[in-house]
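Those protein sequence lines, which keep their order, are chains X and D. All residue numbers for the first sequence refer to the numbering used here, where the first residue is 608 and numbers rise by one. All residue numbers for the second sequence refer to the numbering used here, where the first residue is 893 and numbers rise by one.
These are computed hints drawn from the structure, not numbers from a lab. Heads up, some of the hints might be wrong.
[Claimed, not checked] Incomplete in silico selection of chain D near chain X, CB under 7 Å:
| hint | residue |
| --- | --- |
| 1 | 942 |
| 2 | 968 |
| 3 | 980 |
| 4 | 982 |
| 5 | 996 |
| 6 | 997 |
[What the hints assert, rightly or not] Straight-line alpha carbon distances no greater than 35 Å define the calculated DSBU-like cross-link-like pairs of lysine-lysine that follow:
| hint | chain 1 | residue 1 | chain 2 | residue 2 |
| --- | --- | --- | --- | --- |
| 7 | D | 999 | D | 920 |
| 8 | X | 804 | D | 1048 |
| 9 | D | 1073 | D | 1048 |
| 10 | X | 804 | D | 920 |
| 11 | D | 1004 | D | 1048 |
| 12 | D | 1048 | D | 999 |
| 13 | D | 1073 | D | 999 |
| 14 | D | 920 | D | 1004 |
| 15 | D | 1072 | D | 999 |
| 16 | D | 1004 | X | 804 |
| 17 | X | 877 | D | 920 |
| 18 | D | 1004 | D | 1072 |
Quick caveat, the model's predicted, so the values are computed rather than measured. Virtual Cβ for every residue (Gly too), placed ideally from N, Cα, C.
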Amino acid sequence: MRAWRYFLYILIAIILLTLPFYTGVYLLNVIDIILIYLALALSWDMLLRSGQISFGMAGLFGVGGYTAVLLHLNAGVNPLFSIILGGLAAGVLAWVIGMAVLQLRGMYFAIVTLALAEIFRVIVRNLPDLTGGPEGTVLPSAIFSGNSTRTYWLVLAVAVVSVMASEIFRRTRIHFALTSIRNDEVVAKSSGIDVFKYLVFIFMVTSAIQGMIGGAYAHIYGFVSPEGSFSVDFTLLPIAMALLGGMHSTWGPVVGALVLGIVSEFLKLKIPYGHLLVYGLIIVIAILFFPQGIVGTLGQRFKRTGKV
Amino acid sequence: MAVLETENLSRNFGGLAALNHVSIEFRKNEILGILGPNGAGKTTLINVIAGIYLPTEGRILFHGQDISELPAHQRCRLGIARTFQLVRPLPGLTLLENVMVGSLFGKGLGQKEARRRAAQLCEFLGLSGVTRDITRMTVLEIKKMEIARALATQPKLLFLDEVMAGLNSDETREMIDLVKKIHSRGITIGIVEHVMRVIRELTDRVVVLDWGEFLAAGPYEEVSNDPRVITAYLGEEA
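The whole structure should be built from the sequences, with the hints applied where relevant.
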């Protein structure tokens, strides 16, 4: 049983790594985008496991992107390393913000994060000497000179980091802390959990991941701009994916990202611009009829019939 | 020797003094009953001692150390644990995992050791089927789980807030025996209870609160004949 499992993992790993050799460039680009949203959806879900909803993903994504691009351009930092630094910058920023606002909970915290994304965009827009202002900054060349195979590997690495972080969160004591905090803070602190410390920690880690994804994204497309890098898409689409796939798990956001990513790409071809309407409909139907998401609903069904 | 003392402990909610200059002590290895009519401030007393609310005035001394300003999780780690009047299970975690929360964070154990200890405590309390979903358990089982979760933090002082409420007479009997078993492990217990035969059987001493104020303290037989206590419960004679 166990051997089969490892065999399966290795098979999946091989397929993922060699994907560029039997898909075209177009398909590879679509997969890149799906993986980027997949990683964002996971990082959003990881914070949600503590009961906190963030609408500030685009803000940290953009901060990571700008940091990576500007460090590469102005300080000559290696692009890959600058992506990591972009993540670190977003993490440090989230730590500072978290210390200040994580006394807030639920909707109040959500509103603050929503404002954050906007504030960064305004700041970036108004520092033309550093950031290029409203026009943004264009890199002389995209990462790996635009080589789609290596770009795909980079995106894959980013997605794997997110999946691993999510699994670590699910398998260690962090899982117990976050689940307790989400369900009942009074029980959590009465059982010895430092609620504030855990919330700051999880906000920092998920923000660092979002910053790293933003850094990779900026290098792949070779530019950053206030409207592009802080686009509300980077907040709303991952949330929709996590909700559709199922919250509080690793597989939920992954499945949600794959399903919505593929569906929206398909719809884009069939009904240009109309795809957003269908996209919205799918999300509404999913939330109304499968509030547990795809993975949650299937999981329950299997449990009921006794098959695992 | 006192495990915990409160000195002039007060807590106001707006204009309401839920606790008003209450000075009591919990002596080592005793079971102290906390009595009083509804709204007397019994649960508020537990909440202030456990750190859910900070006191408006006064001090709390735990083994002589002033803990009045400490956050709740630190008080838990020092050895103050409690259950809740209305049960508060954590859905999304199994029975065993609910108990593990106490040993992981209150005691600071690693996951493997925390799991072993939680399993021991479940057995001690007569809880079976530890991998069950917590939302599909009886009131008695959830109450036991809460006690297990509190014990998993390895407390020196344990508050039981109406653990008998909602139990039938057989279950109450079982719970009384459990409290005795817990007490025999050397844990000081503060118990809030409305069932007087439980108080009579279990407690070494009782304190009585009324409208947030200290009314009386002493052995149950003595205090229950105190005219002030009778008045607080039954009202003035017409």
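Quick rundown of the hints versus the structure:
| no. | hint | result |
| --- | --- | --- |
| 1 | 942 | holds (6 Å) |
| 2 | 968 | holds (4 Å) |
| 3 | 980 | holds (5 Å) |
| 4 | 982 | holds (5 Å) |
| 5 | 996 | holds (5 Å) |
| 6 | 997 | holds (4 Å) |
| 7 | 999/D / 920/D | holds (21 Å) |
| 8 | 804/X / 1048/D | holds (25 Å) |
| 9 | 1073/D / 1048/D | holds (15 Å) |
| 10 | 804/X / 920/D | holds (33 Å) |
| 11 | 1004/D / 1048/D | holds (23 Å) |
| 12 | 1048/D / 999/D | holds (12 Å) |
| 13 | 1073/D / 999/D | holds (21 Å) |
| 14 | 920/D / 1004/D | holds (32 Å) |
| 15 | 1072/D / 999/D | holds (23 Å) |
| 16 | 1004/D / 804/X | holds (23 Å) |
| 17 | 877/X / 920/D | violated (76 Å) |
| 18 | 1004/D / 1072/D | holds (29 Å) |
The structure shown violates just one earlier hint, number 17.
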